[in-house]
Amino acid sequence: MAKRSDRDGRAVGRRGASRRAGAGSPAALVLVLAVGVSACGTSSPSTQPHPPASVASARRLGADRVVRRVEPLQAARFALLRTPPEGLPARIRRILRAPSAGMSWALARRIRVELPGAYWLVPANGRMCIVDRGSLGNPAVETTCVRTDRALAEGVATVTLARPHAGAPRPARLIVGVAPDGAREAAVRTRGTVARVPVVDGVFVLRDETLAPPDSLSLR
Amino acid sequence: MTCRLSSRVTRRLAVLAAALSLLLAALALSAGSASASPFCGGQRLSNFGYCYGAARDLSGDSGYGVEHSICIGADSIWGGCSTGPGNIKTMSLGSVIHAEPWIEDNASGVTTVYGETF
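So the protein lines, in turn, are chains A and B. Using my numbering, the first residue of the first sequence is number 336, and each one after it goes up by one. Using my numbering, the first residue of the second sequence is number 856, and each one after it goes up by one.
These are computed hints drawn from the structure, not numbers from a lab. Just so you know, not all the hints are guaranteed correct.
Stated by the list, open to error - Between beta-carbon pairs, the in silico distance windows are: (1) Leu871(B) <-> Thr418(A): 48 to 58 Å; (2) Ser551(A) <-> Arg899(B): 12 to 22 Å; (3) Gly502(A) <-> Ala909(B): 26 to 36 Å; (4) Ser950(B) <-> Gly502(A): 29 to 39 Å; (5) Val965(B) <-> Asp543(A): 21 to 31 Å; (6) Pro451(A) <-> Ser931(B): 18 to 28 Å; (7) Ala909(B) <-> Ala488(A): 34 to 44 Å; (8) Ala530(A) <-> Ser950(B): 28 to 38 Å; (9) Asp543(A) <-> Ser963(B): 17 to 27 Å; (10) Arg403(A) <-> Ala910(B): 31 to 41 Å; (11) Asn902(B) <-> Pro533(A): 30 to 40 Å.
Backbone N, C-alpha and C fix where the C-beta goes; we use that ideal spot for every residue, glycine too.
Using the sequences and the accompanying hints, generate a full structural model.
Given below as structure tokens:
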């Protein structure tokens with residue numbers, strides 16, 4: 336476990352709002368009351384000012400409308416999104432439970448990489464996401480969502496880190512990303528160093544022993 | 856008269872039973888699953904520092920940094936890292952655990968972080 340250098344964040348959340356307990360639910364009053372009662376136990380008192388509206392709206396991940404088709408700009412710039420969708424497998428959907436950032440699970444495209452684990456590019460509402468499972472043996476399903484304008488500039492990438500352990504004595508970092516059409520190389524900057532990796536068929540992969548996520552990505 | 860009274864009582868019992876069924880169904884749906892709950896909202900982290908939320912039942916968490924990238928996790932589980940400011944990172948476990956969610960600042964600079972468990 337990593338060192339714990341700051342525990343100030345304990346119990347500082349704003350009043351919790353249950354995704355299940357939607358006031359707009361069509362259920363009867365008794366249903367709303369029942370769910371409301373059950374959600375009360377998860378609320379935490381507010382001790383922090385609310386974030387700015389733009390930040391607050393970005394936080395409500397489940398509130399975004401699920402897209403019905405790939406947004407034109409995304410389709411125009413990412414070749415993978417012009418291929419037939421395969422959709423996320425049912426087992427991955429069950430783990431994800433609900434689409435975040437307006438992701439359309441049905442529009443997911445598998446990212447073909449010669450790696451253990453599975454990766455999908457999933458269009459979302461104003462964002463593009465990578466969903467992955469099994470990266471570096473991580474059993475959790477990870478989702479990384481990037482605003483479309485940023486995806487055009489730096490691609491969409493997921494970063495998995497693995498500390499040394501009994502089965503693997505050296506640290507590992509794996510970055511799998513999708514770049515827009517025309518990109519030939521991705522530059523991964525991490526704590527003052529730059530690693531350059533080729534973009535092949537719109538995909539880039541970096542595996543090294545740097546136990547830190549990149550500070551920035553850029554493409555050329 | 857007795858028959859009419861009996862019929863009215865039966866209808867009311869049926870309505871009551873229906874309401875009770877809905878109530879039980881709602882409780883069953885909400886029991887044993889984690890609800891969305893924020894943590895570390897608006898915390899300023901610096902120099903690779905961590906921010907922890909209170910221990911709770913969760914099946915995953917999400918987070919992002921306003922100024923630069925972050926990593927997320929819960930207890931000893933690493934949920935991966937974002938690659939830049941505003942990028943949302945989510946970890947989904949597929950089962951409910953009781954754990955402390957965390958966000959790690961990913962650079963020497965200061966960043967404001969927001970997290971949410973579900």
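Results for each hint:
no.	hint	in the structure
1	Leu871(B) <-> Thr418(A): 48 to 58 Å	holds (56 Å)
2	Ser551(A) <-> Arg899(B): 12 to 22 Å	holds (20 Å)
3	Gly502(A) <-> Ala909(B): 26 to 36 Å	holds (32 Å)
4	Ser950(B) <-> Gly502(A): 29 to 39 Å	violated (23 Å)
5	Val965(B) <-> Asp543(A): 21 to 31 Å	holds (27 Å)
6	Pro451(A) <-> Ser931(B): 18 to 28 Å	holds (21 Å)
7	Ala909(B) <-> Ala488(A): 34 to 44 Å	holds (37 Å)
8	Ala530(A) <-> Ser950(B): 28 to 38 Å	holds (35 Å)
9	Asp543(A) <-> Ser963(B): 17 to 27 Å	holds (20 Å)
10	Arg403(A) <-> Ala910(B): 31 to 41 Å	holds (39 Å)
11	Asn902(B) <-> Pro533(A): 30 to 40 Å	holds (33 Å)
The structure is inconsistent with hint 4 alone, although it conforms to all the rest.
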